[in-house]
Structures are given as structure tokens and as C-alpha cells.
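**Q** We have chain A already, so just place chains B, C and D on it with the hints.
There are 4 protein chains.
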Amino acid sequence: MTNTQVTLFQIDNYGPWTVTPEPRREADLQTLQSRLYADISQFVGNRDGYVFFTRFDNMVAVTNGCSFDDHALLQESVGNRYPVTLSIGVATGTNPVQALADATARVQDAGSAQDKTRRECLEGRVIDDVHRTDADIQIAHFDVINATGQYTDELNAFDTFIEIEQGYAELMRHMRYAHDSLSFFVGGDNIIVVCPDLEEADYEEAIYHVEEAVDVELQVGVGRGKSAHDAGFAAKHALETCRADGTRVELEW
Amino acid sequence: MTNTQVTLFQIDNYGPWTVTPEPRREADLQTLQSRLYADISQFVGNRDGYVFFTRFDNMVAVTNGCSFDDHALLQESVGNRYPVTLSIGVATGTNPVQALADATARVQDAGSAQDKTRRECLEGRVIDDVHRTDADIQIAHFDVINATGQYTDELNAFDTFIEIEQGYAELMRHMRYAHDSLSFFVGGDNIIVVCPDLEEADYEEAIYHVEEAVDVELQVGVGRGKSAHDAGFAAKHALETCRADGTRVELEW
Amino acid sequence: MTNTQVTLFQIDNYGPWTVTPEPRREADLQTLQSRLYADISQFVGNRDGYVFFTRFDNMVAVTNGCSFDDHALLQESVGNRYPVTLSIGVATGTNPVQALADATARVQDAGSAQDKTRRECLEGRVIDDVHRTDADIQIAHFDVINATGQYTDELNAFDTFIEIEQGYAELMRHMRYAHDSLSFFVGGDNIIVVCPDLEEADYEEAIYHVEEAVDVELQVGVGRGKSAHDAGFAAKHALETCRADGTRVELEW
Amino acid sequence: MTNTQVTLFQIDNYGPWTVTPEPRREADLQTLQSRLYADISQFVGNRDGYVFFTRFDNMVAVTNGCSFDDHALLQESVGNRYPVTLSIGVATGTNPVQALADATARVQDAGSAQDKTRRECLEGRVIDDVHRTDADIQIAHFDVINATGQYTDELNAFDTFIEIEQGYAELMRHMRYAHDSLSFFVGGDNIIVVCPDLEEADYEEAIYHVEEAVDVELQVGVGRGKSAHDAGFAAKHALETCRADGTRVELEW
Chain A
1 MTNTQVTLFQ
11 IDNYGPWTVT
21 PEPRREADLQ
31 TLQSRLYADI
41 SQFVGNRDGY
51 VFFTRFDNMV
61 AVTNGCSFDD
71 HALLQESVGN
81 RYPVTLSIGV
91 ATGTNPVQAL
101 ADATARVQDA
111 GSAQDKTRRE
121 CLEGRVIDDV
131 HRTDADIQIA
141 HFDVINATGQ
151 YTDELNAFDT
161 FIEIEQGYAE
171 LMRHMRYAHD
181 SLSFFVGGDN
191 IIVVCPDLEE
201 ADYEEAIYHV
211 EEAVDVELQV
221 GVGRGKSAHD
231 AGFAAKHALE
241 TCRADGTRVE
251 LEW
Chain B
1 MTNTQVTLFQ
11 IDNYGPWTVT
21 PEPRREADLQ
31 TLQSRLYADI
41 SQFVGNRDGY
51 VFFTRFDNMV
61 AVTNGCSFDD
71 HALLQESVGN
81 RYPVTLSIGV
91 ATGTNPVQAL
101 ADATARVQDA
111 GSAQDKTRRE
121 CLEGRVIDDV
131 HRTDADIQIA
141 HFDVINATGQ
151 YTDELNAFDT
161 FIEIEQGYAE
171 LMRHMRYAHD
181 SLSFFVGGDN
191 IIVVCPDLEE
201 ADYEEAIYHV
211 EEAVDVELQV
221 GVGRGKSAHD
231 AGFAAKHALE
241 TCRADGTRVE
251 LEW
Chain C
1 MTNTQVTLFQ
11 IDNYGPWTVT
21 PEPRREADLQ
31 TLQSRLYADI
41 SQFVGNRDGY
51 VFFTRFDNMV
61 AVTNGCSFDD
71 HALLQESVGN
81 RYPVTLSIGV
91 ATGTNPVQAL
101 ADATARVQDA
111 GSAQDKTRRE
121 CLEGRVIDDV
131 HRTDADIQIA
141 HFDVINATGQ
151 YTDELNAFDT
161 FIEIEQGYAE
171 LMRHMRYAHD
181 SLSFFVGGDN
191 IIVVCPDLEE
201 ADYEEAIYHV
211 EEAVDVELQV
221 GVGRGKSAHD
231 AGFAAKHALE
241 TCRADGTRVE
251 LEW
Chain D
1 MTNTQVTLFQ
11 IDNYGPWTVT
21 PEPRREADLQ
31 TLQSRLYADI
41 SQFVGNRDGY
51 VFFTRFDNMV
61 AVTNGCSFDD
71 HALLQESVGN
81 RYPVTLSIGV
91 ATGTNPVQAL
101 ADATARVQDA
111 GSAQDKTRRE
121 CLEGRVIDDV
131 HRTDADIQIA
141 HFDVINATGQ
151 YTDELNAFDT
161 FIEIEQGYAE
171 LMRHMRYAHD
181 SLSFFVGGDN
191 IIVVCPDLEE
201 ADYEEAIYHV
211 EEAVDVELQV
221 GVGRGKSAHD
231 AGFAAKHALE
241 TCRADGTRVE
251 LEW
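Chains as they are written, first to last, in my numbering: chain A, 1 to 253; chain B, 1 to 253; chain C, 1 to 253; chain D, 1 to 253.
Source of the hints: derived by calculation from the structure; they are not laboratory data. C-beta atoms are modelled at their ideal positions from N, C-alpha and C, and glycine is treated no differently. If a hint is listed, it holds; no wrong ones were tucked in.
Among the chain C residues that face chain D by a calculated CB cut under 7 Å, a handful are:
id	residue
1	Glu26
2	Thr104
3	Arg173
4	Leu182
So the derived label-pair ranges between C-beta atoms look like this:
id	chain 1	residue 1	chain 2	residue 2	range
5	C	Gly246	D	Pro21	15 to 25 Å
6	D	Glu154	C	Ala135	32 to 42 Å
7	C	Ala244	D	Asp215	35 to 45 Å
8	D	Lys226	C	Ser67	48 to 58 Å
9	A	Asp245	B	Lys116	15 to 25 Å
10	D	Gly149	C	Gln150	39 to 49 Å
11	D	Asn80	C	Arg125	41 to 51 Å
12	B	Thr241	A	His131	45 to 55 Å
Covered, in the sense of this in silico footprint (three residues per stretch, anywhere, with C-beta under 8 Å from a C-beta of chain C), are these stretches of chain D:
id	stretch
13	54-68
14	188-200
15	228-241
Just chain A, same shape as in the assembly (with noise of 0.2 Å):
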């Protein structure tokens, strides 16, 4: 049974600090935006977790082996370096869908993402050590079958985008409704998708889900760990496994 403790990341009152007193110039939010979300990777990272920018101003992470003192040590640090501060959910459960409502759910109760005057909540709670175990996490990192041969290498470059965009669209939707999955593009043809306790089946009716509906071809590893980088990890190594043999879904566990 998994247990994935998520952390919802939130910037105080992000809208219309870009918009105050005057639009700000766009490259300098791309790069606030860019970096701070290098940063929370990085502290999330080295401590075995794994963070997605998601629409940066909102970010989901995986957590577990993060406590709650390390939450409120980032979120100091940020509100030390940036010019924005962070307000931070975090909730646990076997259904990553639910955790991350839980976790929304705190931040919500504490105000609105646009109120002036809520700033650095944290609210929600951990995993203690104690309970933490090998099965907690499950996830699944997908690519696109020969992205770079026929899609990199031949297309122009946004019509590659609009083929990976569609295929992680209609992948992002199937998998939270028909699985309670949680998936995020991470770059190239990449999507990792944190999952509760699925089965074979369920990636092989995933991909023939895409397949059928968006004419884009999957394949996946799928590792379980204590941590995000362990299931991760695990999750890489199949995706090797279908790269080297030609296989759809490799589960490594």
C-alpha cells in the first residue's frame, strides 16, 4: 500500500505582485520563477524527494522523507532570498489525488492565493520516520517511443511540442480520473506520473489509452521506493529495460 506524503508549494499573492505597480518584465519572472524552482528541487532533491513546476506558481512535490522542520527551513530560506514567500500544504495518503487535495485544502483554508495579508502559512502533516516504509512511493516515467527519430529529427520544433504536449494532456486527464495518478511533464519527451498501487494493466490500458485517443506511443518503467528518488530511480532503470528490448511497460520491484 503506498503512502505519499505531498507538499503543495504556493506563491503568496503571485498575480498581482507581477502586475504591481506596473507589469513586470516578463523575462524576470520567467527567471524568478525558473530559479526558485531549481532551489526548492535542489532542497526537496537532496533530501530524496522530487518537486514538479507544474504552473510554477503553484508546485507539487513529492516529500516523503522531508519533515516538517525541513518545510519551515525552506520556506525561511525562500522568504530570504526572493522577493516573493511561499505558502506550503502538505498531506499523506494512499491515494496521491486525495493527499494533494488535502494538502490544496490547507492552503485554501488559510486564504486566498491572491489575499494581501495570508503570507508563509504551513499547515498539514508528515510522515514519521517510524512509518515510513520501502512501498510508500510508486512511480512511472514514460517517454515518447523514438521522440528524437521521428519527431525531433524530422518535425519543426513546435509541432514536436504539440505532438508531446497532446500526448501528456490526454495522459495527465486519463491518469488522475481513471487511476488517481498525479502526472507531470519533466522535459524532452518525459512524464513521471506518481501513482498509488497500480498494477501491470493498468500502464498497458494507460498507453493504449493514449494511443487510441492521440496517436501518440508511450512506453514506461515503474519503480517503488521509500522515497521519490528511490521509486524514481527504480522507474529509470525500467525505462532502460523497454529502451534496450523494445517492451511497453517494465515494472522494477
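**A** Frame of chain A, contents of chains B, C and D only:
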């Protein structure tokens, strides 16, 4: 008549590098990608261009105002500071999709994205300063109407994200095939679109199309300028007018 | 009795790399060095250690609280994200200078700083968590009395810098040879000193010595703790007392 | 005749900010400072200037080639992305020390470094492009002879650092008072000096002085150019000649 200078930045042989000698930590890849993007965004942005993260290993930019030497300097600087290198193609034209297709072809002609021997190619041509005009760029800045009130503060963070993503996936495809435009999600609920000479009716049609297709309500500000920043800044101001007045399409030129 | 865990981070074969195949742009080297330092500072700092930029190609850190695995992870992460690699030596002891000498010897034994074949050595040993105590670290935080009023707002920026530097150069030498302590300039008019068990009289002597030698007036707050952050935070508070009360030496433990 | 454009970047009200409402984590301050420096270094550096970290809260730059608008843009971009702001003074002249004194005076006239109401002042003037010449800048790049063999691989890391620092402290003072030059440690065993029109004999005298005073043996390459990068690049090449031929002073112009 627009004359958009489009640049494709492609990380050389990135896919193989990420799994050699074995898969690298995902958090490090995410950090590397987002920081590389941030650096390119600063370099191009403080020359009044726009860079979009796109797939991160393939980034698309509007670079009117960046000379060929600027491109070469950026390529050298990245090579000095990162463990990966960039190949660059640049092209110009009245149709942004065609310009990107030409830029892509320059890079593809130099070798595959996974060719070990293709490194730091720099191909194409730029618009001379004397030929630049205030109508070279048309930028449309879309966002989702009342995204915070309707989605962020109400739904869980992933369901909000799904709504935004479905709106983006539909808009990007429609604007590309119906209007020869390049659409990029830039965080939050914002989408920036690089357009040829489009009229108000084109934007109304696009907004109507997306609402019909996926039930996401968009508004848009549109600007023109000599550079992406100039056009984009006018578009941001126009979008502020939409927000203030409740209009759906505002052109500012 | 203090028990300081000292780490030396040395960039492998850096000097030759900076001029191969010909000298690299200075701005890129400066950027690379300062960002690498910032990353190490974040990694170690959010585990309650302190890192000093020192010569940038050789950085010294107080790492009580960082395990051997933490050091290995940092080394791997830098290797994944930079064009250079780090060798690391770590040692412990009651005398910080001796601990750094031991850490240095570990790296030197593995090969020259300009040895092409020595890469990513990681040698030494750390203090087990069970042996850590609240008296492990003693940190002194010095600054120049009324630096802003007397120097920054009065002299040209270089003459102010000369004053600060002469004060630092004298203090660093004196503290090392008279008090077995490691002194690091940390910006502004601040110097942080990693000390063995020193008494109030030692700090008074040092301040008197620097004033006699180079006519720079210092004040100092001193703290103890289980980690560099704990000790340094107490030192900062003690220094605030100096500023408020006009005292020259304040100990907080 | 040189004509050096010197810029002073001063963080507004930084000292008080670092301890408000109570002392901020040292690792965050170090990260903030070094990343701010890196960003300024990239901005100025890719316009062929040099920036020196100096005291971090006060940074000195050679900015020939950066317009007044460039300075304003950098100031705006930092204000958009950091929790602190920059005041900037810029001045020009044949004597770099005098130019920096003039630049400093511009900032001081606007208010104290710890004045809460002085924010983002931007004062001074730059050299118009039409008046720039290939002899505007003279840069000397010093290093310590056989620093790796004699120090880094032999002494402990702090004693090596002391040697380098004593050499730097002596050189900076001597070059400033005897030769109207600004000397900056740039990491490793490297010191970059911004000079007026000096002759070979001046450099020989300086090297001799430092060896007599503190027993540190230096060598130096010197270059001239239209920009800091041009002059500094020639200096680097000249220093390579010193290393290859065993000479102490090499001029390349």
C-alpha cells in the same frame, strides 16, 4: 507586416547524457534545465527578447535585437558554465511557424539531436538593425478569466492544473494550425502567443474555439513592437484593460 | 571542548581547465565560481553548516551535522550540474586549524590539485550523531565598529575596502597563529572565525592586536552550539548586543 | 591614455536588512550575495565588462560598453528578482581610483548606505560609443608563481590562503597608493588590477615590492583594449607567456 526572428536552442545529445553512465538524479536534471533556461532568459531578455522553456531541451525564443554575435557569445558562455552544450538555429519571417521551421531545419541539417559529434552548431541569419521596424513583432498575452477565484482557490491544485493545461493544449494547436502562431505556457494561467499579423476577429475566434472545445474562458491583450519585450509589454497593458473592464480582447497599438 | 568537523572542497584540476584550450571569459569563471559556492552554501547551510568561499577553487566548511553520505550526495550533484568536479576531504578535532590540516592532507594524498587523473576523491571521517554535543562549535562574528559612518559613507569604495581588507588580513593571521582559529571574510565588514575553546580575554587581545597593528577597530560576538548555525546564530545575537551597548566583546552561552 | 568607466553597485540599506527583524541565516545571506554578484557579472560580462565581488554589498565594475540604459535595466531586473535593491554610481577618467571616487561620491550624495529612504539611485555618466578607443582600458592579471606546487599541494588550505591573502593585501595597497590602480582578488591565486597607463617598470617595481614585503612571488600579464574583456583577455594571454617562458612581466599590445 511582422518580421519575427525566431531562435531554437537545442541541448546537444542531451537524452543520452542524462542516462550515461546510468540515469542521473532527476532533481539534478530538473535544476540544470530550469537554471539553463533562466540564464538564457536573462541573456535574451535583457536584449528585449523572449525565451520560452518549451521542452527545456529544446527552447524557442523571439530574438529580434540579438545579433549573430550575441548568439555566439551566449553559446560560448553556456559552454563555459554547464556540463552540456547548445546548438542554435535562427531564422526570420512574417510567419512565426515558418521561421521556427527554418530555424529547426538549420539545426537538423547539422546533425541529429542525439548525434555525438554535433556540438555547438550555430546556423542561420538575423535581421539587421537597419531593417527593424516597430511592427516586427505581434504578441498576444492570454490568461484564464478569474482563474484564482474559479480554480486555484476552489479545486485541488492538480484539477486546476488540468483545466489550465487543457486550455493551453487546445489553444496551442488551434493557434498553430488556424493562425500560424506559436503559443507558450509561461506559468500561472498565462499563455504568450507569438503571432503574424492577426486581427481582433482572429483572437475572438480563438477564444470562442477554446471555450467551445474545452470549456475554458480566456481573455487576451495584444501588442506590437520592435522587440518581443515592446510587443509583450503592450500586450500586458492591454490585458490589464481586459481585467479592469471585463472585455475579452484588447489590442494596444 | 570543541569538536569541529571541517571540510575542504577543492575543484579538480581547475587552474588548467580555466585556460584550456585557451583562457575562458573571466565573467564566466566568476559566475561559475560564485554559483558553485552558493550551491554548496545552500546544501551545507540547510544542514546547519557554514561554508566559506575562501579562494573559491578551495572552499572551507564547518560541517558538523553533515554525514559522509551527505558529502557524497553533494559531490554527485555538483558533478551532474557543473562542468567541473569536486574533491572533498573531511576531518575533525578540537583544534580547527589541525582539523583543516588533516582534511587537506586527505585530498593532497589523493593527488595534486592539478592532477588530471584525480577526480572526485572523497576522504576522511565525520562525527557520529551520538557523539555530537552543544559545545562542539565555537564561532566568533567580528565586524568593524561604525564601518558605514566612518568608511562606506566617507571614503571612496576602494579605500574603504582597503581598510576592511587590512583588518581582515591582520586578524586572520593573528587568530591562526596565536589562537588556532580560522577567519573568513564574509562580505560587508563581517568576519566569521571558527575557534577552539577561547576565553573572553583571547578576543580582547585579538581586537587590541588588530587595532595596534592596522588601526581598525573591531567588535565581536561569540557563540557556542552543536552546529555552525547554532553557534553562529548565538554569535550574531551577541554582536547585536555589542552594537546596542557599545561593548567590544560579548559571549552568549 | 586610458579612459576607464567605473561603476559602483551598492546594496541599499543592506546591513540593517540582514538583522531585521532578527539576524537572518548566514547561509542564506552568503547565497544571496554570491548569486547577486553572479547575475551582475553575467549582465556586465556579456557586454564585455568586468565586475569584482569586492565586499559583496559594494561591488566595483569596469563597464566601458555599458550604456546608462543598460545600468538602469540591470537595476530594474535586480529589483524584480531579489529582496534587496541596488544603488548605482558611474564615472569615468584616466585614473581608475579617481573614477571610482567620483562614482562613490554620486552614491554617497544620494544618501547613506544605511538610509532607509535612499533606494535605487542611479547617478553619473558614461562614455559615449563614439569616444571609445582601443586604449581605454589597461588590465593587469597577476598570479602567484607555482602556487599549486609551492602552496596548495604542500600547506594546509588555510595557510595557503594566508599566503595568497597577504600577497593580495600588500599588492592592493601598493598599487592603489603608488600606481593609482584598483586590485581585486578573483579566486585561486589570481588578482586582476585595473590600471591607468603604466609601464613595464611599474609592474616590475610592484612585484619586487610585494616579494620584499611579504615574500610572495608574483608574475603578471598586461593587456590593453576597448573593453575590460578585451584588455583582460590580452592580459590572460600575456600571463600564459609568463607561465610558458618563466618571465615575470609580459605586456601584450
